[in-house]
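Engineer: The listed protein sequences correspond, in order, to chains U and E.
Throughout the first sequence, residue numbering follows my numbering, covering -4 to 248 in sequence.
Throughout the second sequence, residue numbering follows my numbering, covering 2 to 247 in sequence.
These are computed hints drawn from the structure, not numbers from a lab.
Backbone N, C-alpha and C fix where the C-beta goes; we use that ideal spot for every residue, glycine too.
Be a bit skeptical, because a hint or two may be false.
Sample of chain U residues at the chain E side, in silico, Cβ under 8 angstroms [claimed, not checked]:
no., residue
1, VAL0
2, PHE3
3, ILE43
4, ARG72
5, PHE85
6, PHE101
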Amino acid sequence: MIKAVNIFKNFGDQHVLNDVSCEFEQGKANLIIGRSGAGKTVLLKILIGLIHPTSGKVWYDDVDFYALEKQPMRALRMQIGMLFQGSALFDSMNVQDNIRFPLDMFSTMTRKEKNKRVDYCLDRVNLAGTNNKFPSELSGGMQKRVGIARAIVLNPKYLFCDEPNSGLDPKTAMVIDELIYSITKENNIITVINTHDMNSVMEIGDNIILLHEGQLAWKGNKEEVLTTRNEILEGFIFASPFLQKLRKKMVEH
Amino acid sequence: MFTILTHFGIYLQWLRQVFHKPEKWSMYWRETLRQMNSIGIGSLVIVGIISIFIGAVTAVQFAYQMQESIIPRYYVGYIVRDMTIIELAPTFSCMLLAGKVGSNLAAELGGMRQKEHIDAMEIMGVNTAAYLVQPKIIAALFVVPMLVCVGAFISVIGGYIAVVPTGWFSHAEYIRGLRSFFEPYNVWMMFVKAFVFAFILTTVSCYQGYFVKGGSIELGDASTRAVVYSNILILSADYVIAMLMT
Chain U
-4 MIKAVNIFKN FGDQHVLNDV SCEFEQGKAN LIIGRSGAGK TVLLKILIGL IHPTSGKVWY
56 DDVDFYALEK QPMRALRMQI GMLFQGSALF DSMNVQDNIR FPLDMFSTMT RKEKNKRVDY
116 CLDRVNLAGT NNKFPSELSG GMQKRVGIAR AIVLNPKYLF CDEPNSGLDP KTAMVIDELI
176 YSITKENNII TVINTHDMNS VMEIGDNIIL LHEGQLAWKG NKEEVLTTRN EILEGFIFAS
236 PFLQKLRKKM VEH
Chain E
2 MFTILTHFGI YLQWLRQVFH KPEKWSMYWR ETLRQMNSIG IGSLVIVGII SIFIGAVTAV
62 QFAYQMQESI IPRYYVGYIV RDMTIIELAP TFSCMLLAGK VGSNLAAELG GMRQKEHIDA
122 MEIMGVNTAA YLVQPKIIAA LFVVPMLVCV GAFISVIGGY IAVVPTGWFS HAEYIRGLRS
182 FFEPYNVWMM FVKAFVFAFI LTTVSCYQGY FVKGGSIELG DASTRAVVYS NILILSADYV
242 IAMLMT
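The following block holds chain E by itself, in its conformation from the complex (with noise of 0.2 angstroms):
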């Protein structure tokens, strides 16, 4: 318990590190859009596969539930597009990010600083906990969302060429569903999620890489670390969320 107190207090400080007004801002700033290219472009196609799946798996389960009960066959399209929206997208898109780009973030902040390129650039007089991590934060901050919407815009789709085509449900009745009590709140709660999933994960990542003593066994454990607390975190924060927001 102590450690973990210890953990937070230093993750805290540190915070206040990252969060210092830049040296030069044209330097952050391009930084900055080399990790939201990073996160953002390298991570769309491995969300766009997952998204397909999520919703596709939805669709599939929930059409097996409905089986010979009294349930209206369209909500097919209703549930599959809250679940997608409420939690599917943001939580399983954000859990694979900790482990993509979480797991890369550890990885390259650990390299450099076992490799002394943080050394070298603090004696350059550069705060490197903000030159490093603060650009990774405000694009994962940016991006993370944007590829939880785009996810879940997947999703409704792979719910729906998992029971259209395959004759389970007809046209009319997926887009019914999905026309049907509509709650713009749900995007909200999406985007909330979203916002707070992406802090959780690029912070406690670059924590773990940023921290890192030791060889290359230590390296790998704090990228296992990071991938680790930040699920964790985040299926804590999204019981926090939803017990908040709904």
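Excised from the complex, chain U in its bound form (with noise of 0.2 angstroms):
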């Protein structure tokens, strides 16, 4: 379990995280949801070490990751894979050699195992044969599957998401969310989404937070969030006329 306690962040005069508490379970997808500006990002960021809390704590199991020393840092990082917004491909290596980075850089397993590992990761999110494509030849959709597999290919125990549909397509996104999901099901791993897509939220949301201005606003999973009554995550998901009337006509029935 991954647990975020009494996390505050400023930046300068500006607060951006107030006292955000939340837990990751195992084996399930948590979302990460709010509006643009909520403090997305950067919770998912201190999550992982990339911006540091001006207070508060970050539980990774029974181990206080900011209280770490450098190299035990380094060490659980490489259980953490991280999909990008960006997908954060390397463009100057082909698919392969993208993927391969983190085996090259830490494992010990010969050229052979190496390429058999890249073309399983590149199998698994239904790329095979792309190998030696470089970034600027694939699409939106087929690098953040690309960064999929690069962020697995060590094999992670946390598995960290950036607005994985952002620019893409719906039916994209769908596959997406479930090449994800179901990732995140058979390694049994903690996976956190960052996302303001409500089709994720209501696809692959086993647990949901909500933030609001900094501040944690609601926490349920998808079930919930159609019942529930919670000012702040009605007016995010129903944030459309159309959906406005949606819900209305819901609620009537």
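Can you join these two chains into the complex? Each is in its own frame, and there are hints to help.
Structural biologist: Okay, structure coming up:
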């Protein structure tokens, strides 16, 4: 389990996160949702140590993440896979080298074993045969899938995804969601997804937390989303007039 | 002043991270070879071109100064050789490299920072300061002195081309000058300068790129700062080395 406890984050006078405490469970897709500027990405980056909190603690099981020295922190980070919003694939490397990079850096596998592992990961994200393509030759959805393949190549215990669906059409977004969800279940890992995509919320939201103006506004799961009476959540989910009408009808029935 | 000291402190702390033990030697070695090729082979032509002109201009200017003086004519070769070895080859070449290589390094690392490549590596557990910067520094420390050496040699040839075929001096005069008063210590000084300047231009440029924040304008600013600060520091170090070694 990953636990964030009393997280505060200020950038100068700006209070981005205000006493946020939450838990992310194993074998589940844990979603952080909220409007743009709510502090989702900052929270995600604090969870993985890319941004340090002003105060508060992050626990990985029984390990106090921010109390770790550099070397143990690097060792823990090797158990983390991360899918970035822009995929963050290395432009100068082809797909195979991108995915193999963590193996080259950290594993003692032979070249043949590494290539086999890369092929498995590519196959897992339905991109078999694209080994020699460069990121610039791939579509946005394919880049995300390569990003997922790279994130899982070291068999991580924790998978973090920063807005995995941004910039994708709804169908491709669903493919990415399903992929992340099935990987979570298959490997029984802790997956934390930062999103404002409502399809993701309704499809894969095992655990959901809503951030609003830097504070935890609601937590629950995908079933509870539809029945909640939380005004902030309602305002977030049923934002458009069409959805508001739909919501009204649902309540009437 | 406070900002300069703050940056200097961060720079020193960052250098400690940069010279950390590699996670995997083979990866660092591969990257170092790639950087050697990029910095060395990639800069050979431009260093060659400016070196020819450095030698040629030195020879022509000295020839102009010598007119109707009592200085022996063969001194032209001696002056071109020593000016080139002691000062012009290391300083000019490294200032040129600060422009070419330094801006490139700052832009490369800054681009990686902006595209979250550095964050991606950090998450994997890679010491990014070491993996991305150490090979560049080591490659430059090997390759830049070689470039400077080649530059010095070409400068001497440039001086010859400028004054011998044009009839200002004879072949014998120029060659006699080249062979006169040779101090091997000067070559040692050239290598010390090249080594120090290589360290300055790579670390300062990488520092600017590694910590870039913001968008493309900030990346451009970082690239410019990399060149300007490298050049200022190269000239400052040039003065210090001259004071210490002469």
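Engineer: Hints broken by the structure, by number, lowest first?
Structural biologist: Per hint list: 1, 2 violated.
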